[in-house]
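Residue numbers (my numbering), protein chains in the order written: chain E, 1 to 320; chain H, 1001 to 1279.
Incorrect hints may appear among the rest.
Unchecked claim - Partial chain E-side listing against chain H, Cβ under 10 Å, derived:
1. Pro48
2. Phe85
3. Phe88
4. Leu119
5. Ala221
6. Gln254
7. Val264
8. Gly269
9. Gly272
10. Ser306
Said to hold, decoys possible - Which chain E residues stay away from chain H? Per the calculated CB distances, all over 12 Å, these:
11. Ser39
12. Gln93
13. Val106
14. Val109
15. Thr255
16. Gln284
17. Val310
Simulated from the structure, these hints should not be mistaken for laboratory data. Beta carbons: idealized from backbone N, C-alpha and C, even for Gly.
Spelled out from the first residue to the last, the chains are:
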Amino acid sequence: MTAAAQRPVGPEVAKAPPGPPAPAPGQAGGGRSVTARRSLLRALPVSPAVVLLLLFLAGPIAYCVVIAFTDLQLTGQAEESFVGFENFQRAFQDEAFLNAVWLTLVFTVLSSLIGQNTLGLALATLMQRASKPVRTLAGGIVVTAWVLPEVVAGFLLYAFFRREGTLNAILDWLHLPSQNWLFTLPILAVSFANVWRGTAFSMLVYSAALNEIPKEVTEAAEVDGAGGWRRMWHVTLPMIRRSIATNLMLNTLQTLSVFGLIWVMTRGGPSGKSQTLPLFMYEQAFQNSLIGYGTAVALLLLLIGSLFSVVYLRLLRTEV
Amino acid sequence: MTRPPARRRTRRRLAADAGLLVVAAAFVLPLAWVVLSALDPDAGLRVKVPDGLTLDNFDAILTPEITFTPLLNSLILCGGATLLTVVCAALAAYPLSRFRSRLNRPFLLTILFATSLPITAIMVPVYALFVRVNMIDTMQGTIFFFAASQLPFAIWLMKNFMDGVPKELEEAAWTDGASSFQSLLRIVLPLMGPGVAVVTVFSFVMMWGNFFVPFMLLLSPDQMPASVSINDFFGNRGMVAYGQLAAFSIVYSTPVVLLYVLISRRLGGGFALGGAVKG
Chain E
1 MTAAAQRPVG
11 PEVAKAPPGP
21 PAPAPGQAGG
31 GRSVTARRSL
41 LRALPVSPAV
51 VLLLLFLAGP
61 IAYCVVIAFT
71 DLQLTGQAEE
81 SFVGFENFQR
91 AFQDEAFLNA
101 VWLTLVFTVL
111 SSLIGQNTLG
121 LALATLMQRA
131 SKPVRTLAGG
141 IVVTAWVLPE
151 VVAGFLLYAF
161 FRREGTLNAI
171 LDWLHLPSQN
181 WLFTLPILAV
191 SFANVWRGTA
201 FSMLVYSAAL
211 NEIPKEVTEA
221 AEVDGAGGWR
231 RMWHVTLPMI
241 RRSIATNLML
251 NTLQTLSVFG
261 LIWVMTRGGP
271 SGKSQTLPLF
281 MYEQAFQNSL
291 IGYGTAVALL
301 LLLIGSLFSV
311 VYLRLLRTEV
Chain H
1001 MTRPPARRRT
1011 RRRLAADAGL
1021 LVVAAAFVLP
1031 LAWVVLSALD
1041 PDAGLRVKVP
1051 DGLTLDNFDA
1061 ILTPEITFTP
1071 LLNSLILCGG
1081 ATLLTVVCAA
1091 LAAYPLSRFR
1101 SRLNRPFLLT
1111 ILFATSLPIT
1121 AIMVPVYALF
1131 VRVNMIDTMQ
1141 GTIFFFAASQ
1151 LPFAIWLMKN
1161 FMDGVPKELE
1171 EAAWTDGASS
1181 FQSLLRIVLP
1191 LMGPGVAVVT
1201 VFSFVMMWGN
1211 FFVPFMLLLS
1221 PDQMPASVSI
1231 NDFFGNRGMV
1241 AYGQLAAFSI
1251 VYSTPVVLLY
1261 VLISRRLGGG
1271 FALGGAVKG
């Protein structure tokens, strides 16, 4: 965790950087303009990055804000016009939109808050005690699921959940009722897929956090007679609470923007039963050609994301 | 008695092992499917041991149309964007790490904020914008957008790695008359080699696996990278040949898995989380 040991450097925490040799006393007479020119020179290397970020990231976001208030369409319209909050009003009266909001909530709570987070913590805890070969094997498998490209993960889970797929084969073998998961419970299937794909991240975060807990602390608790669960609840969890908070934040942000995984598995269907906000946005903008409306949805998504992002920044700040 | 008796520890270890193996078994099923199906002459959707092993599936997909062109497109796209990202990030990180300025903190906070924005959300306006400025369906447009979307995290990561390089060596170079740019190129970057490698590999892996960006910004089939062309196994070609789909998935995933193994060995499992997650 090389980078993790660093802290965001603000002016007050920065160790005084030496900078290039200070101008000789004789030169200092140049005063403000010299300093100004020097800061300009120093800022120069940042400019390619800033230009790229402004043109291709800030630009689209600003454009997003503009066209969310217009009725821009893909076809059959010469010029768009400003429609104010109409797109947003429309969204909140649109049952399909409300459905997408609900499904996004379900997807996030099931797969990120409960699934990835809890399973990741459980795996990290087990790994602390397990023997080395088992730890390496299990860790390797979970991380492989994480490293695979999004679309490949989607196909693997699609095959797993299909009627003729592996899950039903196992259920048949156990004499349990099987069903067409992608049809009856698509949001559950894509949530599980997201757990499969995303748990490694939490596992790595929590493994790192648990490794930093001094052994004496847990041992002392053990001597005091605290059992496994109580130790977890009263000692371990409070000590890693910041990792929990940041991990939850990042998991949620990650999950909010999942598109490819769901697209590959269900395309948001059947009849919108797994259509989260990104898929709803895509459908409105392209299948229904309503770019303005789709962008309004995108803006809402971006706002939710920014909210989480700000909370995340606050969390980091309490640490430094 | 400061430690639990050995027998209890062994029992506990066995319980942990059993728990991990159960989870691992559940996780491995989809992975087993892709490996077994790729070698199965008669692959279906469920995990089964093939009756006979074959490389026919690989044979069938290793054609310019199905595999080589999309992989080459992926390489151009992700390679170009990674190069752009790493160069811009290294340049930007240098003054942020070396010189004190009132602007550093606001800039870094903005960067950190942008790191966690859901990029998925802006793909529709990006599409609209690209149509307007005639950049839609161009490799360079997609490369620029890819680079921009990866830059915040890359700058953040790069700066943190750069902070780890002691400044004394650089000062010596400065007294010898080297410019800042020379000292960045000759002293700082070589010293933070592993850090640069991490940023490079991480950017590349993120883009290689990304589906939505090229899916939106590229239209002509001959420009499609593998992340999008994999969809062709469904629909257009009629019956889905699952064995071939599995074989293609393996060919397409192998580079990123290998790259990941390469750098995670060198830098420990949690490398990628460095900048974003403080433990």
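A quick look at each hint next to the structure:
Look at Pro48(E): its Cβ gets to within about 5 Å of chain H, closer than 10 Å, so that hint holds up. Checking Phe85(E) against chain H by beta carbon gives a least distance of about 17 Å; that is not within 10 Å, so the hint is violated. Here the hint on Phe88(E) is broken, as its CB sits about 15 Å from the closest CB of chain H, past 10 Å. The interface hint given for Leu119(E) holds, since its Cβ lies 7 Å from the closest Cβ of chain H, which is under the 10 Å cut-off.
Below 10 Å, beta-carbon pairs count as interface contacts, and Ala221(E) has none with chain H, the closest being about 12 Å; its hint is therefore violated. Hint status for Gln254(E): holds, given a least beta-carbon distance of 8 Å to chain H, under 10 Å. Annotation: Val264(E) was flagged as interfacial toward chain H, and the flag holds, the nearest CB pair being 8 Å apart, inside 10 Å. Because the smallest distance between the Cβ of Gly269(E) and any Cβ of chain H comes to about 14 Å, over 10 Å, the interface hint for this residue is violated.
The restraint placing Gly272(E) at the interface with chain H is violated, with a minimum CB-CB distance near 18 Å, outside the 10 Å limit. About 7 Å separates the beta-carbon of Ser306(E) from the nearest beta-carbon of chain H, less than 10 Å, and the hint is met. Ser39(E), annotated as away from the interface, has a beta carbon of chain H within 12 Å; the closest lies near 6 Å. The Cβ of Gln93(E) lies farther than 12 Å from every Cβ of chain H, with a closest approach of about 21 Å, so its non-interface assignment holds.
Every CB of chain H is more than 12 Å from the CB of Val106(E) (nearest about 17 Å), matching its label as outside the interface. No Cβ of chain H approaches the Cβ of Val109(E) within 12 Å, the least distance being about 17 Å, so the stated non-interface status holds. Non-interface call for Thr255(E) relative to chain H: violated, since the shortest CB-CB distance, roughly 9 Å, does not exceed 12 Å. Not every CB of chain H is more than 12 Å from the CB of Gln284(E) (nearest about 9 Å), against its label as outside the interface.
At roughly 7 Å from the closest C-beta of chain H, the C-beta of Val310(E) falls inside 12 Å, breaking its exclusion from the interface.
In summary, the numbered hints that this structure violates are 2, 3, 5, 8, 9, 11, 15, 16, 17.
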